[in-house]
Structures are given as structure tokens and as C-alpha cells.
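Chemist: Sequence:
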Amino acid sequence: MHATPSPPAGALFPSHRRLPIRLDDRPRYRGSVHDDEVARRMGFRAALVPGAFIYGHMARIAVEAWGEPWLRAGRMGARFRRPVYKDDVLDLAAGPLERGADGVRATISLRDAAGEEVAAGWVGPPEEGEAPADRLAVRPLPEPRPSVGAGQLPIGAPIGSRDAVLTGDDVLESLAVFDEHHPLFRREGFVHPGCLMRLAMFDANESFRFPAPAVLVEVEARHFAAVRPGARIATAGRISADFERRGRHYIETDETLLADGVPAARYRRVQIYASAGG
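Under the working numbering, read the sequence shown as residues 1 to 278, first letter to last.
Worth flagging that the hints you see were computed from the coordinates, not collected in a lab. C-beta: ideal position from N, C-alpha, C; glycine also. Be careful, since some hints might not be right.
Derived DEER-like restraints, expressed as beta-carbon distance ranges [unchecked claim]:
#1 Asp260 x Gly43: 25 to 33 angstroms
#2 Glu37 x Gly100: 42 to 50 angstroms
#3 Arg186 x Arg209: 32 to 40 angstroms
#4 Arg111 x Pro142: 38 to 46 angstroms
Based on the sequences and whatever the hints tell you, model everything.
Modeler: Right, here's the structure in full:
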């Protein structure tokens, strides 16, 4: 297949765009805050959009700027500040590319119709780096999942993993969920970066029974290889921190997503997993 040409990176940094947020009515959302009826009963004005989807929208800037090379060696970070609701229209702003202590980056900001920043982060151009060689032991998901209380996560404990092949149907479903139409995914068959991050997050969250549903707060990603359907996907990782801030308990995980046994991406993720007294 021929590579899809991307516009010059400079054309997208800086830039602004309007971003309609779509969330379909999939059965998996029923009974959760991602369902309109449940969310409204809980006092929200509409279904809440999962943070992984916002991450995927932020990654779109990098994919448009650098194309396939970014899927193979790109970097990004995202922090989720406020709820995003189904059918919101956000303003996505990308700052200029600037060199700093952490290399070349462009800031990303998403604001809602009221001008409130709902998410912020950064994207960096492809940059070859050595894939992680440690902590790559893959362990099956525990059955049953061990229950953990607030402040009781075992630091250094491994996370489990599914052992599954990522099928073409899985990838097509993920593109529909992420509302993604870029030809790099639709025509050339690469797996969306949001899908990959979500797979690793699923494994981390299924490794323990938390006091409350986990809420994604922050994630940093580094890619090492592009992934196509048919790859056998697994996650190797560990709990790297457990801390409390303003009555909320946070888990930090360090995860490496493997495709056919080869590191494809590494994630550092922070999530809320309990509140005070949880």
C-alpha cells in the first residue's frame, strides 16, 4: 500500500478547529455514565464521553501532521480536566512547534462552548527511541480480580493481560467509536492510537477490583511500532504509584503494549480509583 501524504507539519501548528463530539448508543454503555438516561439521573446534562475518546481526538492532530511515521515513533500526552458530554462541540487549538527540555512539542487545548478548558496536552514529532526492555513479562488477567481498598494498591504489582488477536472487525468498530475517517486507518489498515491506548487501559483496569469505576485523568504515550489487524495483543506493566490528593485516590500505571510480542507503545497513565472513605 502507498503511504498517505500528510500536510506539512507547520501547516497545523498553530491551528484551530471545531470538533463535534459524537458518542453512539452502543449496548456496552447501558447502565453507565456514558448512557444519557443514567448520566441525567446522576445530575449530568448528557452522557459523559470516555477520556479515551478525547485522547483519540487529540492524537488526530499528530496523525494529520506526521502520518505513518508518527504511528511508529510518535509521542503525546493528555490531561483531562472537566467532563465532556455527548454532542458537545469543542474548540481544539494546537500551539506552535517549540523546542524545550523534553524535545520538540506543540501544546493542545480543548475548550467547550463556555470557553472552559476540558482537556490539555501536547504532541511531538516522530523520534526514534529504544523500546523498553524491562518489565515485559505478560501475565494473565487474575480470576477472580483481587479487591483493593483506597490507598491499598501494592506498588510494583504486575497488571494482567488478555491474550487476544485484534481482528479487522475490532479495528473497524474502533474507528466507528472514535468517529475516525482518516485514510491512514480506513484505507491503509493501521490501528488507531486511541484503540491501542484503550486496550492497554482495559487490561490495567481488569487486573483489580477498585472501590469505584476508574476515571482517566492523565496519560503519556510513546510509540515504537505501527500495528495492523491480525496482531496478537498483550499488555505488560505494573503499578508505579498510589497517592491521594484532595480526598481522591489515584493509581499510576506503567504499561507496554505488545503486538506479536514486540513493544508497540508505552503508556504512563493516571486514574482516579476511589474517593475518601472508599
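Chemist: Evaluate each hint against the coordinates.
Modeler: Against the structure, the hints:
| no. | hint | verdict |
| --- | --- | --- |
| 1 | Asp260 x Gly43: 25 to 33 angstroms | violated, 45 angstroms |
| 2 | Glu37 x Gly100: 42 to 50 angstroms | holds, 45 angstroms |
| 3 | Arg186 x Arg209: 32 to 40 angstroms | holds, 37 angstroms |
| 4 | Arg111 x Pro142: 38 to 46 angstroms | holds, 40 angstroms |
The earlier numbered hint that this structure contradicts is number 1, and it is the only one.
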